[in-house]
Structure formats: structure tokens, C-alpha cells
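K.L.:
Given next are the chains, with one letter for each unit.
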Amino acid sequence: MSDMQSVRHAFGEALAQIGKVNQNVVVLDADLAPATKVDDFGKAVPERFFQVGIAEQNMIGMAAGLASLGFIPVTSTFACFATTRVLDQIRVVVAQPRLNVKMAGAYVGVLAGKTGKTHQAIEDIAVFRGMPNMTVISPADANEMRAAVRAMIDYDGPVYLRVSRDPWPVFMPEGQFTIGKATVLCEGRDVTIISTSMMTAHALLASQKLAGEGISAHILNVSTLKPIDVDAIVAAADKTGLVVTAEDHNIYGGLGAAVAEVLGEHRPTLMRRVGVRDTFTETASNPELLGKYGLTPDDIVAAAKDLLARAR
Amino acid sequence: MTSFDQATVERLQQQAQQLRRLVVDLTHQGQCGHPGGSMSLAEIMSCLYFEVLNIDPARPQWEDRDRLILSKGHAAPIYYAALAEKGYFSPALLGTYGKLDTILQGHPDMHTPGVDMSSGSLGQGLSPALGMALGAKLKGKSFHVYAILGDGECQEGQIWEAAMVAPHFGLNNVTVVVDKNRLQLTDFVENAVSIDPLGDKWKAFNWHVIEIDGHNVAELLAAFAEAKETVDKPVAIIAHTTKGKGISFMENEVSWHSRAPSDAEYDQALKEIMLACKGDF
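Residue numbers (this note's numbering), protein chains in the order written: chain G, 1 to 312; chain H, 1001 to 1281.
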């Protein structure tokens, strides 16, 4: 896990590559391209890149109109605006008619470059999990992001793609991502860690720390939040009988909630959720934020040990 | 100014009355819907569907067709009346309006033949129209895109986001029709939040503005022709109309925004429509 790559740069590069080949892909940017990295597409395919101004609601509607003609529009803004700022627009002209619009939300979770709570999207998974016809993708690293962009474009239907901001460890295999499929990263027998997005790297770091204490962790990376991989989650829970979830999101409505729903129906299992504990966050450095809001590998280790103690 | 033969004008006037009759039917039998804002659109819809639009009901997905978005989606009753009369689906289907499993939803849905974009949450319809107009340019297509807005709807911010963007992208293939019937759900628009001077607002956003009597078929046809001929700007037609037009007890009555006619009101409404047509159905 020594290699570090920026997930948003991987997103921008992959989108530009696809755009050069697929004539149907158009990108709409609400004045954030250098930050979200869709400027790569703008340089590669300027004739299908549209700067629509700081007007996200109109951007979603324009994308719906383009999709109705057979284009594959990708809308790009920060995740905080891509969700709640334009939620009714997405609901009425994208999700309800099930139009082929891809909505990329950048700067997910708390790592939003010292921009603070207005720009830290900790509700995006909850918002789109609750909306029929939506697919929600949350890649763990730059490799998975590249493959996810390709899968998103190939899929016919509305997709919300979570894009992390900062350089992050690269550990996923290249070219492997299937919508709706979770991936076992590490076989274990004592406790299961189910994670998404940048928290999967922390799950892997946590498993190394746990191994040092003689605890064997089973790790499942869930990079499609909807549709959720029920079979993989049940199988991962069966491995150990204890589940810790880890996400860069509020503990309500996100990965932890989705896993609890699956296990509650299929395999009631003792759980702990690691995530933002239903509070708005703030401006600070990445390590300070991860520490204060309980998103470090040590938080996952503590949750795992707590579960093991409770199970004893 | 383009002139139109009297026979065309009379045909479209009759068609508008037929659409009104179907709106009364629909809202009465379904015991739901929005008759007021449907009646104000009768001549506008008649002109568009039975003269202006280049469409083929046998091919609702025809790539080169003109597009129409009913942004004021609550006027669905007159939309469905026009689509049925045009032949997109059997007029018998109008009897399913308001019933379970109908394809005629309370607000327009793209799954209904002839509906080019879902709508119903106000303020949203112009933006997809711009996407379609931009897409036409990208594909080298010459079709035209129409968006029908309510005047109350112009209180929504998204309308003005879209209004700002259309001239910027040179979208001269989109025409807005504002059904300026002066009423919204709770009150007259000027009492709720005034949107006037509406024409000046569109002009300031760099649109070519045409103001007409929205119940005058000849004026509507001339405006649509002028809109097609205007190539330097997108066009906003401000159609001055009367909410509930054609049914005396509905006209300018806030309560008829969303209300189903009783049996007695239904009979009275049909009588008035028949009289207006001089019994010529």
C-alpha cells in the first residue's frame, strides 16, 4: 500500500480516455472542472465539454434533455451540491424517467480540502440509496475508480459516482469493477470489516494492527452501495459472526445502515458502525478530521475489539 | 407578418374547444386534475399540436421530431387531450385518467407516448429543453424545441438559470411559451410575488420576446412563425391568457386551479363549450 494516487485525478483521466472514443459522452461542469478534474475531458474533447456556469439545477435538467436524445451526459460538481442542492431535479427528470445521466460528486466525506461542513458530503449515500432507480458507486482507490468510470458509462441508467479528493493508497487490482459486486480483500476468521471508499484503505491498515494482536480480520470492500451485494455481505458476516462497517459518511443511511438492513433480514449479526456519528463536521487538516470524527484505522481496531469483547 | 387562411384559424379554434371538452370530461370522470391552467392553454396546445409541431404520432420516438416540454406539468389534462386527439394513443385511454395502472399520470411522465420529458415539479422544464436544443446542434439536427411555462412558475429560480444559459449557447432552436394566466394556486400572481414586467425580464436575459393574446389563434400562429424565423436569439412568447378560459365559473377563479367538476358543473361546462362552438361538434 505504499503507492499513493489521487482518486479524482484517476476519475478525470479515465473519463477523458473514454470520451475520446465514445462520441455519446458529454460532460457538463458547474464551474469546478480544475477541482473535480473533468478539465481533463475538456482538454481532450472540447467539443463535447460544456461549461454551464454556477447553476447546478439547470445542469441536471440539461443533462436529462441530452440523455433523452441518446447522449451519455456526465454532470460534475462537488458531492455536497451534486446531492442535496439538485435533489428534486434528479428525482423528477433523471431518476423517475430513468434517464442515462451520470452524476459525479467530488470531495466525498470529510476530506474536502479545508472547505468545512458546507463542502463535506456526509449524507450523499443516504440520499441516493433512498431514491428508486439510482445506482450508487463508491470506489476505494484510483484503480477501482478507473474501472468504475468505464462500468458507469457502459451501464444504461442513472448513476451517482462518489469521487474522493486526496491522494490515497492504491491496493485494488486494475481493471476490475462490476456494478453490484463487492470484493473480498482479505480472508479472516475473527471479525469482518465491511468498508467503502477511502475507508477501505483504513480497513486494511486496521487488519494489520489487529493481526499484530492475534486477531484475524475478514475484509469486504463494498464499492456499489446500490444495488447492494446481499450475497457477499451475508457470506462475509458468516465468516466471523461479527461485523464492523467503515465509511466516510454519516452512520445513518450509509454503508453501515445498508449492511444492517441486509443482515437484519438475512443473518442477524452483532455489528458496530464506524463513520461520522450524526454530526456536521468542520475545517481542519485531514489527520485532525479523521481523528476527531472517528475515521482512523485505530477507530476500526477499537470497534473490532469492542465487538469481540461483547461477543465473548 | 405572416397571414393564415381563415379555414385554418377556424379549425384550430374548434380544436381548442374540443380540447376544453376533453379536459372537462377527464377531470370530471377522474375526479382530479387541474382544469384552470389547462383551459388557459387550449388555443396554445391546439396551434402547436395541430399546426406547428413537426411530429408523427405513429413514431413517438422519431429522432427528427420537434420536442415539447410541458413545464407546467399540472396542466396534464389538456396535454393528454391533445396527445389523444393527435393519435398518440386511443381516446378511450382518457377514461383511465386518475385510475390505478393508467399511463396517464397526474403529472406528465416520459413513459406516456408523445411525452418528451417528465415534468410536474415547477421550474424544471426549460432546462431539459436546452439540453435537447444543445443535443440537436451537436447532432446537426434541425428540429425545434418548445417549452410551455406557467407565469407563477417563473417565480422558480431554475427558470432564470436556464434563461441565462440559452442565449449563451446560441440556442436559437428553442421557444418558450409563457401561459400568462395571472393566477397561481393561492392567489393572483401579482398578489403572491409579482413577476412583472415579465417581458422585460426575458429581454434582459437576451431573449427575443413576443407578447400576444394567447387565446387568439391567428396571433399564436404568427408568433410561432416569427419564433422559427428568429435565428439570432431564443424566443419567449408571452401569451396573455385567462385561467379557466371558456368556462364562466372557472375563469379567474383561484379555486379552479385544482378541482374536479361536480355533475352539475360538468353539465354547465359542456353547455358553455357547445355554445361557444355554435353546436358545431
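Think of the hints as simulated: they come from the structure by calculation, not from any bench.
Computed from a predicted structure; not experimentally measured.
By construction, the Cβ of each residue, glycine as well, lies at the ideal position given by its N, Cα and C atoms.
Keep in mind that a hint or two might mislead.
With the C-beta cut set under 7 Å, the calculated list includes, among others, these residues of chain G facing chain H [as the list claims (entries may be wrong)]: (1) 64; (2) 65; (3) 84; (4) 92; (5) 93; (6) 215; (7) 216; (8) 294; (9) 298.
Quick list of in silico lysine to any residue cross-link-like pairs, SDA-like style, CA-CA up to 20 Å [to be verified]: (10) H/1139 <-> G/181; (11) H/1137 <-> G/23; (12) G/20 <-> H/1099; (13) H/1139 <-> G/289; (14) H/1099 <-> H/1205; (15) H/1137 <-> G/155; (16) G/43 <-> H/1141; (17) H/1137 <-> G/166; (18) H/1137 <-> G/70; (19) H/1139 <-> G/42; (20) H/1141 <-> G/23.
K.L.:
Hint by hint, say whether it matches the structure.
P.N.:
Evaluated hints:
| no. | hint | in the structure |
| --- | --- | --- |
| 1 | 64 | 5 Å, holds |
| 2 | 65 | 2 Å, holds |
| 3 | 84 | 15 Å, violated |
| 4 | 92 | 5 Å, holds |
| 5 | 93 | 6 Å, holds |
| 6 | 215 | 51 Å, violated |
| 7 | 216 | 51 Å, violated |
| 8 | 294 | 37 Å, violated |
| 9 | 298 | 45 Å, violated |
| 10 | H/1139 <-> G/181 | 36 Å, violated |
| 11 | H/1137 <-> G/23 | 14 Å, holds |
| 12 | G/20 <-> H/1099 | 48 Å, violated |
| 13 | H/1139 <-> G/289 | 47 Å, violated |
| 14 | H/1099 <-> H/1205 | 42 Å, violated |
| 15 | H/1137 <-> G/155 | 25 Å, violated |
| 16 | G/43 <-> H/1141 | 25 Å, violated |
| 17 | H/1137 <-> G/166 | 37 Å, violated |
| 18 | H/1137 <-> G/70 | 14 Å, holds |
| 19 | H/1139 <-> G/42 | 19 Å, holds |
| 20 | H/1141 <-> G/23 | 16 Å, holds |
Consistency with the previously given hints fails for numbers 3, 6, 7, 8, 9, 10, 12, 13, 14, 15, 16 and 17, ordered from lowest to highest.
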